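Asker: Please model the entire structure based on the sequences and the hints provided.
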Amino acid sequence: MIAWEIASRIYQRGMGNWIGLKEKYGRLFWISILEMLFAVVMSILFNYLYQIGDWFIFNNSWTDVAVLNPELVGDFHLLKEINVNPELLYGLLIFFILIYSSIIFIDLFRHVKEMEVSTAILKHENTQAKYQALKNQIDPHFFFNSLSVLSSLIYESADESARYISHLSKLYRSILESGSGQFISLRQELEVLDSYLFLLRIRFNEAFKVNILLSDDTLNKTAIIPHTLQMLIENAVKHNALTTEQPLIIRIEEDESSIVIRNNIRPKRLLEPKSGIGLVNINMRYNMATNQKVEISNKNKEFKVKLPKINHEHPLA
0 MIAWEIASRI YQRGMGNWIG LKEKYGRLFW ISILEMLFAV VMSILFNYLY QIGDWFIFNN
60 SWTDVAVLNP ELVGDFHLLK EINVNPELLY GLLIFFILIY SSIIFIDLFR HVKEMEVSTA
120 ILKHENTQAK YQALKNQIDP HFFFNSLSVL SSLIYESADE SARYISHLSK LYRSILESGS
180 GQFISLRQEL EVLDSYLFLL RIRFNEAFKV NILLSDDTLN KTAIIPHTLQ MLIENAVKHN
240 ALTTEQPLII RIEEDESSIV IRNNIRPKRL LEPKSGIGLV NINMRYNMAT NQKVEISNKN
300 KEFKVKLPKI NHEHPLA
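The sequence shown begins at 0 in numbering that gives the first Met the number 0 and counts up by one.
In short, the hints are calculated from the structure, not lab data. Please read these numbers as outputs of a predicted model, since none were measured by experiment. Glycine residues also receive a C-beta, built at the ideal position from the N, C-alpha and C atoms. Check each hint, because a few of them may be wrong.
[Claimed, not checked] Below are the EDC-like pairs computed for lysine to aspartate or glutamate, each with C-alpha atoms no more than 16 Å apart in a straight line:
| no. | residue 1 | residue 2 |
| --- | --- | --- |
| 1 | Lys308 | Glu244 |
| 2 | Lys208 | Asp193 |
| 3 | Lys267 | Glu253 |
| 4 | Lys305 | Glu255 |
| 5 | Lys220 | Glu255 |
| 6 | Lys220 | Asp193 |
| 7 | Lys220 | Asp254 |
[Stated by the list, open to error] Across the chosen pairs, the derived CB separations fall in these ranges:
| no. | residue 1 | residue 2 | range |
| --- | --- | --- | --- |
| 8 | Gln291 | Ile93 | 44 to 54 Å |
| 9 | Asp193 | Phe104 | 29 to 39 Å |
| 10 | Val111 | Leu189 | 51 to 61 Å |
| 11 | Phe104 | Asn219 | 45 to 55 Å |
| 12 | Ala240 | Ser151 | 49 to 59 Å |
| 13 | Met114 | Lys300 | 21 to 31 Å |
| 14 | Phe104 | Gln291 | 42 to 52 Å |
| 15 | Ser165 | Lys237 | 38 to 48 Å |
| 16 | Lys300 | Asp254 | 18 to 28 Å |
| 17 | Pro307 | Phe104 | 50 to 60 Å |
| 18 | Ile211 | Glu244 | 16 to 26 Å |
| 19 | Arg265 | Leu189 | 42 to 52 Å |
Answerer: Rendered as structure tokens:
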């Protein structure tokens, strides 16, 4: 028990906090050598204590015993003077090696369990944080503009006003429910996006156009983080001038590995402050959820965002 406790303290003190794999294995190598030397010292010490006890209690004579077989390796005078029982020494070495191996196994097992608990906690906190961040990303100006459009629309057409209210409520209901899942199918995302596009078309008329060119196979088999497309379109509307003569044209396309969202650049004369929160939010959520980054480019008077395709059946694959 004493040997176990000392070996355990040597290991714990040497390893310290969990670090990078390269440094961890380097430390483990040197600690293993130290533990082996400790095992040898403890084995020899225990051997001497055993022989002293045998000599005092049973009056057995103290005899020199070769640690290595002289018939095989010759007579090593230095090893003979150590005066230890070879069978007992080898047995004790194996015993202490088993002790050290058990300490490493228990520590690794404990670490794995701690990592599983930490991962579960972080996953829960990440979901809550993303949900809250997503709600915070909804631009209050868009909501107030929607109410302004609705107030003027009421006097023009009661039927159109009813449709407008229906799409607006559907959109915000989906936002409030978005925290229930990390991914949704691309088809579901476009169904929700349709309400958002309806509100924008009522507001901007022919100054705003969206072309969606996605195959049915992609719509059914591809997953996406909720409201990503809405945030990208909102970002394009916020930073570009929209006129009937030069409309804002947004295209949602695909290539082999990505969903591509692109729009022409027509910057406003009075630019709104660029916080970049929306794009950063999207990039961070994709990185955390899939370990993939979102590609963003701004050149040749075109702004382009490439979202990595996610398998709907195995979103983390």
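Asker: Holds or violated: the 42 to 52 Å window for the beta-carbon distance between Phe104 and Gln291?
Answerer: violated, 35 Å
Asker: How does the Cβ-Cβ distance of Ser165 and Lys237 compare with 38 to 48 Å: does it lie in that range?
Answerer: At roughly 25 Å between Cβ atoms, Lys237 and Ser165 fall outside 38 to 48 Å, so the hint is violated.
Asker: Just tell me: holds or violated, for the beta carbon distance of Lys300 and Asp254 against 18 to 28 Å?
Answerer: For Lys300 and Asp254 the Cβ distance comes to about 21 Å; the hint holds.
Asker: Going straight from one Cα to the other, do Lys220 and Glu255 come out at no more than 16 Å?
Answerer: holds, 13 Å
Asker: May I ask you to test the hint 51 to 61 Å on the CB atoms belonging to Val111 and Leu189?
Answerer: violated, 41 Å
Asker: When you take the CB atoms of Gln291 and Ile93, is the distance between them in 44 to 54 Å?
Answerer: holds, 49 Å
Asker: With respect to the beta-carbon atoms only, verify the hint that Met114 and Lys300 lie 21 to 31 Å apart.
Answerer: violated, 48 Å
Asker: Is the gap between the beta carbons of Ile211 and Glu244 within 16 to 26 Å?
Answerer: Because 24 Å falls inside the window, the suggested range holds.
Asker: When you take the CB atoms of Ala240 and Ser151, is the distance between them in 49 to 59 Å?
Answerer: For Ser151 against Ala240, whose Cβ atoms are near 21 Å apart, the range 49 to 59 Å is violated.
Asker: Can the restraint linking Lys220 and Asp254 be considered satisfied, given a maximum Cα separation of 16 Å?
Answerer: holds, 14 Å
Asker: Starting from the hint 42 to 52 Å, judge whether the C-beta atoms of Arg265 and Leu189 obey it.
Answerer: violated, 25 Å
Asker: Can the restraint linking Lys208 and Asp193 be considered satisfied, given a maximum Cα separation of 16 Å?
Answerer: holds, 12 Å
In terms of the numbered hints stated before, the structure departs from hints 1, 3, 6, 9, 10, 12, 13, 14, 15, 17 and 19, listed from lowest to highest.
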